[in-house]
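Visitor: Take a look at the letters that make up each chain.
There are 2 protein chains.
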Amino acid sequence: MAQLSKRAAQMPASPIRRLVPFADAARGRGVHVHQLNIGQPDVPTPRGMIEAYQAYDEEVLAYGPSQGLPELREAVADYWRGAGGEVVAENVSITFGGSEAALFALAAVADPGDEVLTTEPFYANYLGFATMGGLTLRAVPASAAEGFHLPSDDVIEASIGPRTKAVVISNPGNPTGTVYTPDEMSRLGALVEKHGLYLISDEVYREFAYGAPVTSALSLPIAAERVIVVDSVSKRFSACGARVGAVISPHPDLSAAFMRMSFARLCPATVDQRAALAAYSTPPEYFAEVVAEYEKRRDTLVDGLRAIPGVETYRPEGAFYTVPTFPVDDCDRFAQWLLTDFAHEGETVMMAPASGFYSRPELGRQQARMAYVLGVPALERSLSALRAALAVYPGRV
Amino acid sequence: MAQLSKRAAQMPASPIRRLVPFADAARGRGVHVHQLNIGQPDVPTPRGMIEAYQAYDEEVLAYGPSQGLPELREAVADYWRGAGGEVVAENVSITFGGSEAALFALAAVADPGDEVLTTEPFYANYLGFATMGGLTLRAVPASAAEGFHLPSDDVIEASIGPRTKAVVISNPGNPTGTVYTPDEMSRLGALVEKHGLYLISDEVYREFAYGAPVTSALSLPIAAERVIVVDSVSKRFSACGARVGAVISPHPDLSAAFMRMSFARLCPATVDQRAALAAYSTPPEYFAEVVAEYEKRRDTLVDGLRAIPGVETYRPEGAFYTVPTFPVDDCDRFAQWLLTDFAHEGETVMMAPASGFYSRPELGRQQARMAYVLGVPALERSLSALRAALAVYPGRV
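Residue numbers (the working numbering), protein chains in the order written: chain A, 29 to 425; chain B, 29 to 425.
Since the hints were derived computationally from the structure, they do not count as laboratory data. A couple of the hints might just be wrong.
Note: identical chains are not told apart, hence a pair may lie in one copy or across any two.
To be verified - Cross-link-like lysine to aspartate or glutamate pairs, in silico, DMTMM-like; alpha carbons within 20 angstroms at most:
| hint | residue 1 | residue 2 |
| --- | --- | --- |
| 1 | Lys222 | Glu253 |
| 2 | Lys324 | Glu174 |
| 3 | Lys324 | Glu235 |
| 4 | Lys34 | Glu253 |
| 5 | Lys34 | Glu143 |
| 6 | Lys324 | Glu118 |
| 7 | Lys222 | Glu185 |
| 8 | Lys222 | Glu143 |
| 9 | Lys34 | Asp360 |
| 10 | Lys324 | Glu313 |
| 11 | Lys324 | Glu221 |
| 12 | Lys324 | Asp70 |
| 13 | Lys34 | Asp281 |
| 14 | Lys222 | Asp182 |
| 15 | Lys222 | Asp211 |
| 16 | Lys222 | Asp181 |
Given the sequences, and given the hints that come with them, work out the whole structure.
Guide: Dropping the structure here:
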């Protein structure tokens with residue numbers, strides 16, 4: 029055969045899904061696997077959303093508008109106005125999940141050979157989207173000891189070069205769960221302005237904040253000129269399989285660029301958008317309950333991890349992830365060993381080794397991402413299993 | 029604001045949708061607009077597909093597998109085995125419509141700065157996908173007088189350079205409706221092999237062939253090494269709004285590349301895939317009826333166009349498009365004029381000027397793409413309107 033493209037060869041394998049065959053094998057041996065590796069919430073999808081699928085009844089399932097159903101664009105714009113953004117429906121393009129939104133955002137601001145800057149650990153798929161677009165993703169390390177909060181300006185600026193076009197953040201953070209403070213967001217805004225960059229802010233976990241509300245990049249003074257928000261219904265409404273997201277920017281030139289990109293792939297899926305629209309009528313109690321539940325889980329997991337000798341962790345302010353540091357030689361090996369060589373009372377734990385969330389994998393060698401997407405009892409059993417595992421793991425340090 | 033990327037600036041506007049505001053205005057004046065500009069079939073979606081949406085009833089609308097539901101991948105592989113391809117489910121990745129399939133195919137074989145070769149007129153969005161991926165789309169002109177059939181080897185080879193990585197075709201063709209003969213497909217296979225290229229074959233209109241069945245690129249001897257097929261349920265099942273497609277290649281390295289690309293955007297939409305799966309149980313009578321109907325429409329349109337003085341056209345063998353040549357100064361102007369300045373018995377026609385389907389727009393100056401997606405009576409009224417329009421259009425030549 030002819031050669032594949034370099035980008036095809038460079039597309040990263042998923043750090044989240046690499047262990048799936050080992051988990052399947054463990055289940056095959058009758059071991060119960062607590063799946064804390066993937067951000068698939070167990071919270072019920074709002075019933076109105078499911079009913080919107082059931083209510084679909086047209087003769088022809090036709091193309092819709094390229095940028096999405098007008099009512100949905102309006103609902104998304106409303107949502108972000110509630111977060112302090114000065115946006116209207118025309119600033120919203122509906123996408124295939126947050127994934128396509130991130131791809132559009134990167135393609136709109138950077139050309140092949142350009143760089144985008146993020147902190148690490150970062151959402152692993154940013155690397156995939158950058159690779160697809162021919163971009164280099166550079167990353168400034170954030171520190172576990174500081175709860176992965178924003179590094180100092182000096183450190184960030186040292187990584188900004190002539191080809192840097194944008195700073196990319198997820199806030200609340202995936203995989204870290206870190207929520208940037210208003211001060212950190214102002215600092216980012218000033219940096220982006222000073223260096224003539226864009227700020228691509230992935231805020232899909234916005235509802236999941238356990239302290240102060242999240243400061244949206246859309247509420248910054250630079251928003252009108254320099255901000256692109258990546259959005260999705262996946263986590264907000266526990267509807268990961270709907271694949272409905274949005275890319276939002278108040279600037280008309282960016283909105284127009286997203287429109288042309290949207291044209292090229294015709295339109296988002298019609299029925300999923302109707303379901304997403306229904307989701308936006310979800311009453312606030314839904315979120316209050318969900319957030320209270322996740323906060324309980326977070327505390328169960330964090331307190332439980334801290335009680336295990338040698339494990340260090342911070343208390344994440346949002347999302348439903350945390351990245352603890354384990355007293356092991358290598359979390360890739362440890363996470364695999366948990367599935368291949370270990371069980372405690374017939375159970376084990378699946379987690380995502382953090383190396384895949386770093387551009388320098390060695391920085392995450394002792395870390396793993398844990399998603400607290402199971403209830404408190406399952407988390408408690410997971411913690412017991414982990415404690416037992418760390419007592420016998422041969423690579424313990 | 030900072031600068032947009034070059035590719036954002038270069039993303040083409042849609043030649044198919046540019047006239048929409050003029051059509052809206054015409055409707056506002058009470059003119060009935062026969063929409064022959066867009067490939068939105070009016071054929072009913074198979075009922076089983078609609079019922080699959082209605083039957084959806086899970087508590088959590090969760091992520092599915094990145095490459096799609098196993099049963100759907102199997103169904104798609106079955107379909108292509110029926111077309112002579114030696115493919116299994118592992119060679120199939122489910123995508124967001126044929127659009128994402130084309131994007132994946134291009135990204136897998138070509139890097140920024142590389143070239144892909146097609147014939148023109150071509151499906152306009154190939155230019156958009158190439159632009160998104162940092163690629164150059166080169167095009168060899170096909171001749172209207174020859175029904176847009178494959179140019180000679182010499183002509184094609186003159187456009188193959190050191191950075192050419194693939195030949196891209198749509199077969200049956202969009203916008204041309206041309207179906208390549210088995211000889212033409214063999215010729216393409218030999219060319220691709222000789223120059224060490226890939227063949228990306230967009231076969232989404234496969235069911236719409238009014239003579240001999242379509243020769244799939246997957247049935248060529250080079251298929252195992254060099255063929256990627258772009259597929260979609262949009263046209264096959266009149267389900268454009270489902271946004272379910274597939275990218276198919278027998279070569280395991282390509283399948284693996286598509287898997288990694290699929291990982292990066294997590295998964296296709298769950299419920300749409302279930303609907304697509306249901307569609308694959310559609311009985312053959314559905315297609316027989318649909319094809320008989322489209323054939324009648326094709327003949328109505330082609331015979332009607334030929335009867336209008338000065339209009340020249342071929343008889344397309346497939347899809348539901350044709351690209352006639354009109355005796356006018358400029359089809360962009362003519363198509364707009366039809367909407368802004370003309371009505372015949374309260375009716376007019378909307379068509380897509382062909383210039384947008386060419387890399388050299390001047391080649392399509394007198395051509396337009398017409399989609400015969402309306403029934404025979406509407407086509408007959410459209411033809412009457414066109415005849416009347418050409419008698420009075422000020423730019424008639």
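Visitor: Let me make sure I understand: some of the numbered hints might not hold for this structure. Which ones are they, in numerical order?
Guide: 2, 6, 9 and 11
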